[in-house]
Amino acid sequence: MIDMENLLEINGLTVELMTERGIVYALSGVDLNVAHGQIHGVVGESGCGKSMTAKSIMRLHNPKRSRMGGTILFEGEDIAAMEIKEVERLRGKDISMIFQDPAMSLNPLMSVGNQIAEMARVHLKSSKAEARQIALGMLEKVGLSPAINRYRQYPFELSGGMQQRVMIAIAIACSPKLLIADEPTTALDATIQAQILELIQSLSDEMGMSVLFITHNFGIVAEICSAVSVMYQGRVVETGYTRSVLDNPAHPYTAALIASIPTMALESQKRLGSIPGRPDTLYENLSYCPFCARCPQAFGQCRNERPGYQYLEDGHRAACFGIGG
Amino acid sequence: MLKAIIGQKTSKKNSYGKLLTPSFAISLVIFIAIVVLSAFAPVFATHDPNKNELQSSLAGPSKSHWLGCDVNGRDLYSRVLYGGRTALMGALGVVGLSIVLGIPLGLVCGYVGGLADTLIMRLCDVILAFPTLLLAFLFVATFGRGITISVVALGIVYVPMLTRLTRSLAIVEKNKTYVSAAISLGYSPLRIMYRHILPNCISTILVQLTLDLGYAILDLSSLSFLGLGVIEPTADWGAMLGQGRLYLLVNPYLSTVPGAVIVLSVVSLNIFSDCLRQYLDHTQVQLPSFEEYASRLEKQQKPQESGA
Amino acid sequence: MNLSGSVIEGTNLQKRYHIPSRKLAEKGKELVAVDSVTIKIGRSRIFGVVGESGCGKTTLGRLLTKMEPTSDGTIVFNGRDITRLSGKDLIALRSQMQMVFQNPYGSFNPKQRIGSALAEVAKVHKIPKEIAPDKIAALLSEVGMPIDALGRVPSELSGGQLQRLAIARSLLLGPEFIVADEPVSALDVSVQAQILNLIMDLRESHAIAMLFISHEMPVVKAVCDEVAVMYLGSFVEKAPTQELFANIAHPYTQALMSAVPSIDSDIAKERIILEGDIPSAIGLGPGCPFAPRCRHGMERCRLEKPQLRDMGAGHLVACHLH
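Chains as they are written, first to last, in my numbering: chain A, 1 to 325; chain S, 1 to 308; chain E, 1 to 322.
Watch out, some of these pointers could steer you wrong.
[As the list claims (entries may be wrong)] In the SDA-like style, the derived pairs of lysine to any residue whose C-alpha atoms are separated by at most 20 Å in a straight line are:
| id | chain 1 | residue 1 | chain 2 | residue 2 |
| --- | --- | --- | --- | --- |
| 1 | S | K174 | E | G106 |
| 2 | A | K270 | E | A246 |
| 3 | A | K270 | E | P218 |
| 4 | S | K176 | E | A246 |
| 5 | A | K270 | E | H206 |
| 6 | A | K64 | S | S295 |
| 7 | S | K299 | A | E284 |
| 8 | E | K111 | S | P189 |
| 9 | E | K111 | S | G60 |
| 10 | A | K64 | S | E292 |
| 11 | E | K123 | S | R191 |
| 12 | E | K111 | S | E292 |
[What the hints assert, rightly or not] A few chain A residues that don't get close to chain E, going by computed Cβ distances all over 10 Å:
| id | residue |
| --- | --- |
| 13 | L73 |
| 14 | Q153 |
| 15 | P262 |
| 16 | K270 |
| 17 | R271 |
| 18 | G322 |
These aren't lab readings, by the way, just hints derived from the structure by calculation.
Since we're looking at a predicted model, the values are computed, not measured.
From the three backbone atoms N, C-alpha and C, an ideal C-beta is built for every residue, glycine too.
Only chain A is shown next, with the shape it has when bound in the complex (with noise of 0.2 Å):
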């Protein structure tokens, strides 16, 4: 991946928040290459910074709590640096996000047809019917027919899952180049989600639109990501093609996540592989690996100096001192 042209590079990206108990060190380090085209995953668990990395690309954090460091190159661009104006021209027309719950972020009083108009209407300066054409072919697009009926309808007449298709209608509207999906389908039935996925999917190749898809759940990223970044208190420890990640998960947090997962293929009645302890908590910036704790394979290397990235075969990388050495 790292030899191909990326859409999107962020090269050691923190980011710190002020909070009601200190300074929260949310991100610190992170690296990510998106390519063109790509579904790229990144999964973790709660508070390891896999929305923080999305909200830093979309520039949402409030700049009065927050400082951030490192570039996020789009395109070339590089978005920390932009001014908040330019990066408003980006929202919605290059880089669009869907988010966990699609209730939430669609406007109650408002039809669905409308506000995917509104999306053609603001990025794409189209007149009023245009704007409508546009937001009637998006609707079928994303599997909500017939259009001409859904247009009229409001967000509480659909079901969750439809809501959620309405989002990714607003989101692709103005054809964006990157999609960012938080979560999108973590608070949808599993039938439901399949659907979803599988739009996704199918849009990113048509479009060759590029996904950043967040998630908690490696099956997903089996499914549908060609690559994935793993995070960990707020760095990416492991990167790579999914396969090669997943086949031979190269730092001992991305094993032993994998081990964790109840899957069907494991018999049943069986113990699960588990982490023990949890993660710390992110008031200090620290200056070893932020995993030795709860790491088996922790040595005194481990306690004293951040591990940098060690290269394995085809892209596939992981900040571990126990890897080669």
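With the hints as your guide, set chains S and E onto chain A.
Relative to chain A, chains S and E alone:
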């Protein structure tokens, strides 16, 4: 008790929610001063508030009578202090009565619901449909004049508002998991209402109560002003305002001083309750900027270093 | 299955909710949340119920623990009919049946310290003062929590820790039956594994019958002895875990299985993507509730609701195909 309740919620270290803002401190100082002066009226008063000295009727401020005298020659300063006792005790009585009736009713309505809820809420609607003072007049007209009756009347009138508030808070809490957990642990409804739901609503209720205290002072004074509250010669701010009004041009202090203390106590209570609400509401916490935080950390570290 | 050894038995359980109509003249409709479900759970056994949201699995758990009255059917607990129990008897029964909830952050009173919450349980149920502290300490070590957790308030603990404490609290009264309603759904994967392991351990050591409610197939497979798949209020398939996953018979179970995102590349699976949404449970027709979304839907499915039929090895399926 106040501290115990607030202390529970924000026992976290490094909390930046500040209770002691300037406006909070000022309002608190004013109100405490009013309370202390009234409570220890016999100590601070210079004269017997009910003693007539007809020779100094309507006298202006002087060395012996700091704020002058009323038409009966009673010392205005002493009467304001004693009047505070009536006003504050009365207001406390009003709020106390509304607590005793309103909170249990609200909890029952919110938690138990059903027929009891419907009946109590409709009754509340009826009471709320009348203006507060009009209903109090009705009570006084029926049961006669006097401070006790005014307090009971206002107390009952204040119940529906508190019942409604408690009910809506209880409904929110009732649907939380910990209440289901309490039911499945075999706790009695009474225990669930008082030990589990009430402590989780109390901060909002507390804010409402401080606000109510201010309104109660105002309403009681209004009743006394109209001559329906206290009976002569008991000192009361509202009654003094009413009497002093007749001599506004002769001795303006007679009405302006009681009026000013009413305004002061109500405004300070309002500001107090507003600050309390802001403090208890976590979304309104003002966070320091990164620079402020850094300098604060430096300050914290310096004494430690010099100490070591 | 040992019939005499069952701790709890629900027979033909039904729960209907009346939906008031917005129009005056019109009669309100009925929502059938649970429709003639028969369930039997033995000592030290975990019975799993899987299904999507709104299928009635949580309601079933609430019916069995008497948190809600049943509209129809009987519940027998330890040989005693508890269907119509109320008042003091019901509160006394609560000590023998417990619930563990999905949201660990919400299942403790946010204003109460953990120690005080556990002590309250002991006090209400009159566990003698001399025994209670030892009992609490023993349970804490059993669920893997340090004693100093007792001094914390819920907001100072993580989801996994709170769920351990919630389990400890439910075990304090020595219940014979526990309903675990999605106990791991709100937890991270690595913590989820810890809690599932804990549940499997406790089932053995405390001889508890457990109803394990979940929407995730793999989770149910990992911990349960017997599994039922629920759709719109009815069990569509029920079998011992091994048997069920070896021979999945009902089209809905098949679709649900295929919808589970899997990390295994070598399991070549047939992808079944169901069309449409889960219909509302209000005013269902006479036929099979799954018929409108079923790829095998026949004429008969729309007219007649299939009953659970034994296919052998305790495998029950409600489908006209079998």
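How the hints compare with the structure:
| no. | hint | verdict |
| --- | --- | --- |
| 1 | K174(S) / G106(E) | 12 Å, holds |
| 2 | K270(A) / A246(E) | 17 Å, holds |
| 3 | K270(A) / P218(E) | 12 Å, holds |
| 4 | K176(S) / A246(E) | 39 Å, violated |
| 5 | K270(A) / H206(E) | 19 Å, holds |
| 6 | K64(A) / S295(S) | 16 Å, holds |
| 7 | K299(S) / E284(A) | 19 Å, holds |
| 8 | K111(E) / P189(S) | 18 Å, holds |
| 9 | K111(E) / G60(S) | 56 Å, violated |
| 10 | K64(A) / E292(S) | 12 Å, holds |
| 11 | K123(E) / R191(S) | 12 Å, holds |
| 12 | K111(E) / E292(S) | 32 Å, violated |
| 13 | L73 | 31 Å, holds |
| 14 | Q153 | 14 Å, holds |
| 15 | P262 | 4 Å, violated |
| 16 | K270 | 7 Å, violated |
| 17 | R271 | 5 Å, violated |
| 18 | G322 | 19 Å, holds |
Hint check: violations occur at hints 4, 9, 12, 15, 16, 17; the rest are consistent with the structure.
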